[in-house]
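Peer 1: Sequence:
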Amino acid sequence: MNDRLDQLLEKYWQGTSSPVEEEEMKALLERVPGYAQEKTFFLGLREIKRMKSELPENSGFRKMSRPTDGGFVRDWMKLAATLILLVGMGVLVRQYQVWQEKKAQERAYFEVMEAFGLIQQNLHKGERQLEVMQDLKYLHAPHQLFNLNERKND
149 MNDRLDQLLE KYWQGTSSPV EEEEMKALLE RVPGYAQEKT FFLGLREIKR
199 MKSELPENSG FRKMSRPTDG GFVRDWMKLA ATLILLVGMG VLVRQYQVWQ
249 EKKAQERAYF EVMEAFGLIQ QNLHKGERQL EVMQDLKYLH APHQLFNLNE
299 RKND
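Residue numbering for the sequence shown follows my numbering, starting at 149 and increasing by one per position.
Treat the hints with caution; some may be incorrect.
Here are the simulated distance ranges between beta carbons [as the list claims (entries may be wrong)]:
#1 Q245 x M281: 38 to 44 Å
#2 L193 x M149: 46 to 52 Å
#3 Q269 x G236: 27 to 33 Å
#4 W247 x F220: 51 to 57 Å
#5 K200 x G163: 19 to 25 Å
#6 Y257 x I232: 33 to 39 Å
#7 Q162 x M237: 41 to 47 Å
#8 L157 x E202: 37 to 43 Å
#9 W161 x Y244: 32 to 38 Å
#10 I232 x I267: 49 to 55 Å
#11 G163 x V235: 40 to 46 Å
27 Å max Cα-Cα, derived DSSO-like pairs, lysine-lysine [claimed, not checked]:
#12 K197 x K174
#13 K197 x K251
#14 K187 x K174
#15 K200 x K187
#16 K187 x K197
#17 K226 x K187
#18 K200 x K226
#19 K226 x K250
Derived by calculation from the structure, the hints in this document are not laboratory data.
Every residue, glycine too, gets a C-beta built ideally from N, C-alpha and C.
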């Protein structure tokens, strides 16, 4: 009898027992010695069911049910809450997009400034190379070409 009770309890705790097996298990629990925790649990469930059936209908402890009145208002409230959530999400998405655009503009600005820096650097190189050409334009005779280094040293 204990083996059968153990099998039924195992099936019950796994959630695979049928209502007939549950009734058999409860009957075996009443007859078999031991199993104090299980007996307390199932006897407690039986006591709760009994107490629930004895409660008067107008007491505050009856089962909560969804009232039929106010359903129209409740549906509109659900719709309003959904719309508020959607609008809020839309605002957040838009703010994120604006933030991304600002970051992209900042990156583009720094890249342009870096390019301008490179252009300025190369422009200075070109100006230094043109200084030699400026010196050549003031030469009046070909023999002065050979004295160019001496002229710079003066």
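Peer 1: Next, verify each hint and record whether it holds.
Peer 2: A quick look at each hint next to the structure:
Here the CB-CB span from Q245 to M281 is close to 53 Å, at odds with the stated 38 to 44 Å. The hinted range of 46 to 52 Å is not satisfied by L193 and M149, whose Cβ atoms lie roughly 22 Å apart. At roughly 50 Å, the beta carbons of Q269 and G236 sit outside the given window of 27 to 33 Å. Distance hint for W247 and F220: a CB-CB separation of about 41 Å, inconsistent with the stated range 51 to 57 Å.
The beta-carbon spacing between K200 and G163, approximately 23 Å, falls within the hinted interval of 19 to 25 Å. At roughly 38 Å, the beta carbons of Y257 and I232 sit within the given window of 33 to 39 Å. Separated by about 42 Å at the C-beta atoms, Q162 and M237 satisfy the suggested range of 41 to 47 Å. Distance hint check for L157 and E202: the Cβ-Cβ separation is about 29 Å, which falls outside the suggested range of 37 to 43 Å.
At about 49 Å, the beta-carbon gap between W161 and Y244 misses the expected band of 32 to 38 Å. Checked against the hint of 49 to 55 Å, the C-beta distance between I232 and I267 comes to roughly 52 Å, which is consistent with it. Separated by about 43 Å at the C-beta atoms, G163 and V235 satisfy the suggested range of 40 to 46 Å. Between K197 and K174 the alpha-carbon distance is near 15 Å, which keeps this suggested pair within the 27 Å criterion.
For the proposed pair K197 and K251, the alpha carbon gap of about 65 Å is over 27 Å, so the pair is violated. Note on K187 and K174: the hinted pairing holds, with a Cα-Cα distance of about 8 Å set against a maximum of 27 Å. Distance check on the hinted pair: K200 and K187 sit about 20 Å apart at the alpha-carbon level, within 27 Å; holds. Of the supplied pair hints, the one linking K187 and K197 holds, its CA atoms being roughly 15 Å apart against a limit of 27 Å.
With a C-alpha separation of about 45 Å, the suggested pair K226 and K187 falls outside the 27 Å cut-off, and the hint is violated. For the hint pairing K200 with K226, the CA-to-CA distance comes to about 33 Å; that exceeds 27 Å, so the pair is violated. A threshold of 27 Å between alpha carbons decides the hint, and for K226 with K250 the separation of about 36 Å lies outside it, so the pair is violated.
Hint compliance for this structure: hints 1, 2, 3, 4, 8, 9, 13, 17, 18 and 19 are not met, and every other hint is.
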